[in-house]
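Asker: Sequence:
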Amino acid sequence: MKARVVMLMVTVIMLMVTVAVAAINVHQSILTPVLLNSGVRVIDIRTEKEWRETGIIKGSLCLTFFNEDKQYDAEAFLAKLKKRVNPNDKIAIVCRSGNRSLQVSKFLVQRGFSSVTNIVGGIVSADDAGIKLVPYH
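Numbered per the numbering used here, the sequence shown finishes at 138, counting up by one with no gaps.
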């Protein structure tokens, strides 16, 4: 019994360390023209409805992670993303406010992406940063 408890505690600690390491490797940045001009590939994970309502960052890859019911298929998203982006590329993940993008950024680091930036404040910070959004087609 003691051995099982110790093994369970070791497993929990290992999982916590893995999550902490992933969180450390996620860069945090506000949306700025400097960031956008740095060669980073912007991945917009919002829904199509959100893209149509606000517009998108010019040149961004629009690839929904969470659907409107807050459901997701992480493996399907990852497969689609890997067809368009190399895991060694510099990428920035953006959503509406920065909450969903932080979750996805952590997931991507855990899955081997080496340079992931979460856009703090999301797309709503674009206006404050002087970034014009373009219509989604």
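Any given hint could turn out to be false.
Cβ pair distances, simulated, as ranges [what the hints assert, rightly or not]:
| id | residue 1 | residue 2 | range |
| --- | --- | --- | --- |
| 1 | Gly131 | Asp70 | 27 to 37 Å |
| 2 | Arg85 | His28 | 18 to 28 Å |
| 3 | Asn89 | Glu54 | 31 to 41 Å |
| 4 | Gln72 | Pro34 | 16 to 26 Å |
FYI, nobody ran anything at the bench for these hints, they're computed from the structure. Glycine included, C-beta positions come from ideal geometry on N, C-alpha and C.
Asker: Indicate, hint by hint, whether the structure satisfies it.
Answerer: We went through each hint and held it up to the structure:
Range check, Gly131 to Asp70: Cβ separation about 34 Å, and the 27 to 37 Å hint holds. Checking the proposed 18 to 28 Å range against Arg85 and His28 shows it holds: the Cβ atoms sit about 20 Å from each other. Taking the beta carbon of each, Asn89 and Glu54 are about 33 Å apart, inside 31 to 41 Å as hinted. Take Gln72 and Pro34: their Cβ atoms lie about 34 Å apart, and the range 16 to 26 Å is violated.
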